[in-house]
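The primary structure of each chain is shown beneath.
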Amino acid sequence: MEEGTFVGWLKLPGADVTVGEPLFELEGEKATQEIESLDAGELYIPPDAPKPGSTIPVGALLGYLLAPGEPLPSGDAPKWVAPTQDIVESAPEIHLAVESAAPTGTTPVASPRAKHVANELGVDWTELSGTGRDGRIREADVRAAMPTVVPAISGDRVLLTPRRKAIAERLRTSVHRTIPVTLTTGANAAGIVGLRDQFKATKAALVPAFTDIVACLVAKVLARHPQLAVRWDPQQSTLIAVPEEQYHIGIAVDTPDGLLVPIVRNVARTALLQIAKDSKSLIERARHGKLSIAEMQAGVLTISNLGSYGIDGFTPIINYPEIAVLGLGAVRREAVVSDDDRIVPGLRMTLSLTFDHAAIDGAPAAAFLQDIAAAIENAAAILLGA
Amino acid sequence: MSLALYRTMQVIRQTEEELARCHQRGLIHGACHTYVGQEAIATGVCAHLTKADSVFSTHRGHGHALAKGMPPRELMAELFGRSTGCSQGRGGSMHIFSPEIGMMGTSGIVAPCILQACGGGYTSMLLKTGAVGVAFFGDGAVNNGAFHEGLNMASIWKLPVLFVCENNQYATEVPSSYASGNPSVASRGAAYGIPGIEVDGNDVLEIHRLAGEAIARARAGDGPTLLECKTYRTRAHAEGMGDFTYRTREEVEQWKHRCPIVRLRTTITAIPLAGMDAAAVTTHLDAIDKEVATLVQEGRAFAEASPVPEPSTATQHVYAPPKPITTAAKSASTRTITFSQATLEALSEEMAVNPGIFVMGEGIGKRGGNFVTTKGLYDLYGPERLCDTPICERGFVGLACGAAMTGTRPVIDFMFVDFVLDGFAEIVNQIAKMQYMSSGRLKMPVLLRGCIGIGHSAATHHSGSYYGMFGQVPGLRVVVPSSAEDAKGLLKHALRCDDPVLFLEHREILQTKGPVPDGDYEIEFGKARIVREGRHVTVVALARMVHQTLSVCEELERDGISVELVDPRTVSPLDTATILQSVHKTGRLLIVDEPPGQYGFSAEIAARVVDEGFNDLDAPIRRVTGAFCPTPYSPSLETVVVPQPADIAQAIRDLMRE
Ligand SMILES: Cc1ncc(C[n+]2csc(CCOP(=O)(O)OP(=O)(O)O)c2C)c(N)n1
Numbered sequence: 001m002e003e004g005t006f007v008g009w010l011k012l013p014g015a016d017v018t019v020g021e022p023l024f025e026l027e028g029e030k031a032t033q034e035i036e037s038l039d040a041g042e043l044y045i046p047p048d049a050p051k052p053g054s055t056i057p058v059g060a061l062l063g064y065l066l067a068p069g070e071p072l073p074s075g076d077a078p079k080w081v082a083p084t085q086d087i088v089e090s091a092p093e094i095h096l097a098v099e100s101a102a103p104t105g106t107t108p109v110a111s112p113r114a115k116h117v118a119n120e121l122g123v124d125w126t127e128l129s130g131t132g133r134d135g136r137i138r139e140a141d142v143r144a145a146m147p148t149v150v151p152a153i154s155g156d157r158v159l160l161t162p163r164r165k166a167i168a169e170r171l172r173t174s175v176h177r178t179i180p181v182t183l184t185t186g187a188n189a190a191g192i193v194g195l196r197d198q199f200k201a202t203k204a205a206l207v208p209a210f211t212d213i214v215a216c217l218v219a220k221v222l223a224r225h226p227q228l229a230v231r232w233d234p235q236q237s238t239l240i241a242v243p244e245e246q247y248h249i250g251i252a253v254d255t256p257d258g259l260l261v262p263i264v265r266n267v268a269r270t271a272l273l274q275i276a277k278d279s280k281s282l283i284e285r286a287r288h289g290k291l292s293i294a295e296m297q298a299g300v301l302t303i304s305n306l307g308s309y310g311i312d313g314f315t316p317i318i319n320y321p322e323i324a325v326l327g328l329g330a331v332r333r334e335a336v337v338s339d340d341d342r343i344v345p346g347l348r349m350t351l352s353l354t355f356d357h358a359a360i361d362g363a364p365a366a367a368f369l370q371d372i373a374a375a376i377e378n379a380a381a382i383l384l385g386a
Numbered sequence: 001m002s003l004a005l006y007r008t009m010q011v012i013r014q015t016e017e018e019l020a021r022c023h024q025r026g027l028i029h030g031a032c033h034t035y036v037g038q039e040a041i042a043t044g045v046c047a048h049l050t051k052a053d054s055v056f057s058t059h060r061g062h063g064h065a066l067a068k069g070m071p072p073r074e075l076m077a078e079l080f081g082r083s084t085g086c087s088q089g090r091g092g093s094m095h096i097f098s099p100e101i102g103m104m105g106t107s108g109i110v111a112p113c114i115l116q117a118c119g120g121g122y123t124s125m126l127l128k129t130g131a132v133g134v135a136f137f138g139d140g141a142v143n144n145g146a147f148h149e150g151l152n153m154a155s156i157w158k159l160p161v162l163f164v165c166e167n168n169q170y171a172t173e174v175p176s177s178y179a180s181g182n183p184s185v186a187s188r189g190a191a192y193g194i195p196g197i198e199v200d201g202n203d204v205l206e207i208h209r210l211a212g213e214a215i216a217r218a219r220a221g222d223g224p225t226l227l228e229c230k231t232y233r234t235r236a237h238a239e240g241m242g243d244f245t246y247r248t249r250e251e252v253e254q255w256k257h258r259c260p261i262v263r264l265r266t267t268i269t270a271i272p273l274a275g276m277d278a279a280a281v282t283t284h285l286d287a288i289d290k291e292v293a294t295l296v297q298e299g300r301a302f303a304e305a306s307p308v309p310e311p312s313t314a315t316q317h318v319y320a321p322p323k324p325i326t327t328a329a330k331s332a333s334t335r336t337i338t339f340s341q342a343t344l345e346a347l348s349e350e351m352a353v354n355p356g357i358f359v360m361g362e363g364i365g366k367r368g369g370n371f372v373t374t375k376g377l378y379d380l381y382g383p384e385r386l387c388d389t390p391i392c393e394r395g396f397v398g399l400a401c402g403a404a405m406t407g408t409r410p411v412i413d414f415m416f417v418d419f420v421l422d423g424f425a426e427i428v429n430q431i432a433k434m435q436y437m438s439s440g441r442l443k444m445p446v447l448l449r450g451c452i453g454i455g456h457s458a459a460t461h462h463s464g465s466y467y468g469m470f471g472q473v474p475g476l477r478v479v480v481p482s483s484a485e486d487a488k489g490l491l492k493h494a495l496r497c498d499d500p501v502l503f504l505e506h507r508e509i510l511q512t513k514g515p516v517p518d519g520d521y522e523i524e525f526g527k528a529r530i531v532r533e534g535r536h537v538t539v540v541a542l543a544r545m546v547h548q549t550l551s552v553c554e555e556l557e558r559d560g561i562s563v564e565l566v567d568p569r570t571v572s573p574l575d576t577a578t579i580l581q582s583v584h585k586t587g588r589l590l591i592v593d594e595p596p597g598q599y600g601f602s603a604e605i606a607a608r609v610v611d612e613g614f615n616d617l618d619a620p621i622r623r624v625t626g627a628f629c630p631t632p633y634s635p636s637l638e639t640v641v642v643p644q645p646a647d648i649a650q651a652i653r654d655l656m657r658e
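If you're matching them up, the sequences are chains U and V in order.
Residue 78 in this note's numbering is what sits at position 78 of the first sequence, and the numbering runs on without skipping anything.
Residue 526 in this note's numbering is what sits at position 526 of the second sequence, and the numbering runs on without skipping anything.
If you are wondering where the hints come from, they were derived from the structure by calculation, not from laboratory data.
Do not take every clue at face value.
To be verified - Pairwise CB distance ranges (calculated):
no.: 1; chain 1: V; residue 1: Pro517; chain 2: U; residue 2: Gln235; range: 32 to 40 angstroms
no.: 2; chain 1: U; residue 1: Pro57; chain 2: V; residue 2: Pro620; range: 51 to 59 angstroms
no.: 3; chain 1: V; residue 1: Thr327; chain 2: U; residue 2: His357; range: 18 to 26 angstroms
What the hints assert, rightly or not - Restricting the straight-line Cα-Cα distance to at most 30 angstroms, the calculated cross-link-like pairs of lysine-lysine (DSBU-like) are:
no.: 4; chain 1: U; residue 1: Lys203; chain 2: U; residue 2: Lys220
no.: 5; chain 1: U; residue 1: Lys280; chain 2: U; residue 2: Lys290
no.: 6; chain 1: U; residue 1: Lys200; chain 2: U; residue 2: Lys115
no.: 7; chain 1: U; residue 1: Lys115; chain 2: V; residue 2: Lys585
no.: 8; chain 1: V; residue 1: Lys158; chain 2: V; residue 2: Lys366
no.: 9; chain 1: U; residue 1: Lys165; chain 2: V; residue 2: Lys585
All residues carry an ideal CB built from backbone N, CA and C; glycine is no exception.
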């Protein structure tokens, strides 16, 4: 307790107070309480004493209990005045025990730095005792009072690899610098599945991965949505338009060391089979930790495919300074209501587009996603240049 | 010729009368000292000057500016406080600058113009430009030390200077006959071994003739002349001031009848000019009067229509725009040399490439300086660039100001800072303020260097530091290095920047050795050096106190107290940011300073850190400073007035317990 409300005297000025008699009433944080006198004497209330109803700090002076003829500590003679009606008329009925309001010594003093640090850490410095001169609370006292964060499960700490730290840093940067919003929609994946089946049927040496095909489609759609083909300039917080020949698309790869995003170059101007070759080699090298920094830079958009884990929609994180990331869900066999109201088997997937709302608004992002869904549905035609 | 003189006098008279009218109407915010009655002097003298010649004037300087070629509108706009004024509203009546035409300014202080004109003459002598320096001053200035010091310096160095005393018989209200033991100013020339000539100050033709001879002598290398022009001002000392407590109306009226303009008019109408009879001359003169009246009216209209200066520009031109550092990065290879050797290297390297640098001081010529600051340079550069001076600190500091104004780079080697206090006013009122007063059109590349510090029982006239005092002066740079490397880099910067620099060298560390990078390098002002990194307490110190503090850091480290030592290196500008950063880290600040703490460097730092770094302080800021006491002689007394290593260590330990 630091302060309370002085409710009023239970004795008149000049009254002879004996030890143990209720002397005044105080309202604390929890209840109102009659305070009993610890000493005997004649009650003297100085003219400038707190008035009933005022808030008083612990240690405030309310009045004196004087022996007959005793002067005030200041040496002055008390100035007795006529009793006023400051006496509490009727005492409240319920009296609960409260903390002692007795003075608890001097108010603690803290250095400006200690106060500042306490504020930052959410520590109540007034509860601390200080180790500085005359008990001044210092920064070290505040830090010592910080409850150490105990892990919920006790166990060995997991040391972070430099790679893990870098990933953490990169993702934090993205979250701090972007305003991510995720849109999801469904798409008919039958076209891409069929296309891959055709590659397989030709016993081709290399069947383009699902992601490769989507990457090619995205590059084509992007050309029609130039607002999405931009990157932040991290220094100046302006957007830089990316020309079509620089539509480099990132592919999120799960590696033993964590998430890496190698970049497939110039997707809009490169044939699908070449893209498939490039991405295969990049992914392999990513898994063996052989990627160079340059191979992970300057993407226009990233694709993250969690389909193989049976995930549908999710909220991928933007690979800052890019402004959008496309998440691919699992391709599922589903009952689909056909245009002529029959239930037919279909191959459906969920697309999740996270975009930076600071860079573009929802409507253009939604239109972009809609076009991607359409492109996936008509994959062969789009790849052939439709 | 006579017509041109007549016109100039008319320009001055009519402008002054218009200014007096404007003053009455409240258009002039400050003082206005008119030149009415004295027009013949400025006119007769300035007729011989070109833009390359420099004029240094006084509080009564409107006439000098106009005669030197300033259009009335620029003068009027200045007095009206407008941005189109000759000093862009920074000066008013007593700070009239137009360096472009050689009008090097008027001054609110009586007499420094005498020294500055010597500086103009020195520049001319050094750079062999053939220009002359002219000082205009009143009879009030001739009993001031600057007159004595200036005339003597001009005499011994045969400077191309003309000293023009306008003896209007009163200094404000004090008659010169009362104030001068020898009322003849001209006769004082003999005391300095220079010609002293008295002339009727209301006779423009005679002034013109005599000034012409004097200026020709100066240009021919035959030295200075003192010209005393006996005249009278027929208006009050300043507009709005009472005039008849010290002189009579009759006296003033009598002098009005001796008006120099009427006199010339009478002369030239009496002796008809080539091809003109008296009537034609009169018509011509009347036309001049009218043309000048139009000019003055146009000037007033211009001034009134001009904008006042933008308030946000009030602090512009205190310093010159910073020059980018041009030297390549500091070389990594070093040699170990002393502080003194390092500064000598800096000076000699700069003198080798900049012929505008010259050094003045006592014993800095052949002898090479009391503290070997110029050793060997005299043999290389001779007596004009390594100039031994008479013992007249005010004089040669004032001369340096005039030299810098006219394009050279003086280095004043004052040996002990205690001595340069004799030139304090020249530093504070002239050198420091010159760039500002001239709205940045004059540069002030003056280096003032010398020793500070207590030690060797030098006692109280050879142990001052005073940098706190100089740090209070806007316009000055104050440098106080602690190591050989810093000293060389900072001195190089000082010798290249356009601001006046006070370069203070603690005598007790002149012989300390340290690594100095090979080759050319420069250290910018206002960049502190972290001498030693630490975690628990920040100590800020300069010069010798850096060494004193360093000597206890190891001992404290063993006791677990890690000291971060910051040397600001320059007192002005002060690198507050580095100090704040350090306090942010450590939470504790001790300032160790040799001079007394009261109102000093240590107080300034404490105030700034409380102001900007309050939340970083985990303990009160403490200071260990010298005693508030002149420096005593006896070693037992001397030691206790200076912070000693033990005091510093104790203060740090105490601070850790706060
Ligand atoms: C060093 C200094 N002291 C005092 C003053 C105040 N003051 C201004 S003008 C003046 C009189 C100067 O007389 P004089 O030099 O004869 O010039 P005049 O005013 O007669 O032209 C004085 C004392 C000053 N400006 N500077």
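Hint check:
1. Pro517(V) - Gln235(U): 32 to 40 angstroms: With Cβ atoms ~33 angstroms apart, the hint holds.
2. Pro57(U) - Pro620(V): 51 to 59 angstroms: violated, 25 angstroms
3. Thr327(V) - His357(U): 18 to 26 angstroms: Violated, at about 50 angstroms.
4. Lys203(U) - Lys220(U): Within the cut-off at roughly 27 angstroms; holds.
5. Lys280(U) - Lys290(U): holds, 13 angstroms
6. Lys200(U) - Lys115(U): This hinted pair is violated, its Cα atoms lying about 70 angstroms apart.
7. Lys115(U) - Lys585(V): Distance ~16 angstroms between Lys115(U) and Lys585(V) Cα, so the pair holds.
8. Lys158(V) - Lys366(V): The hint holds at about 20 angstroms.
9. Lys165(U) - Lys585(V): holds, 25 angstroms
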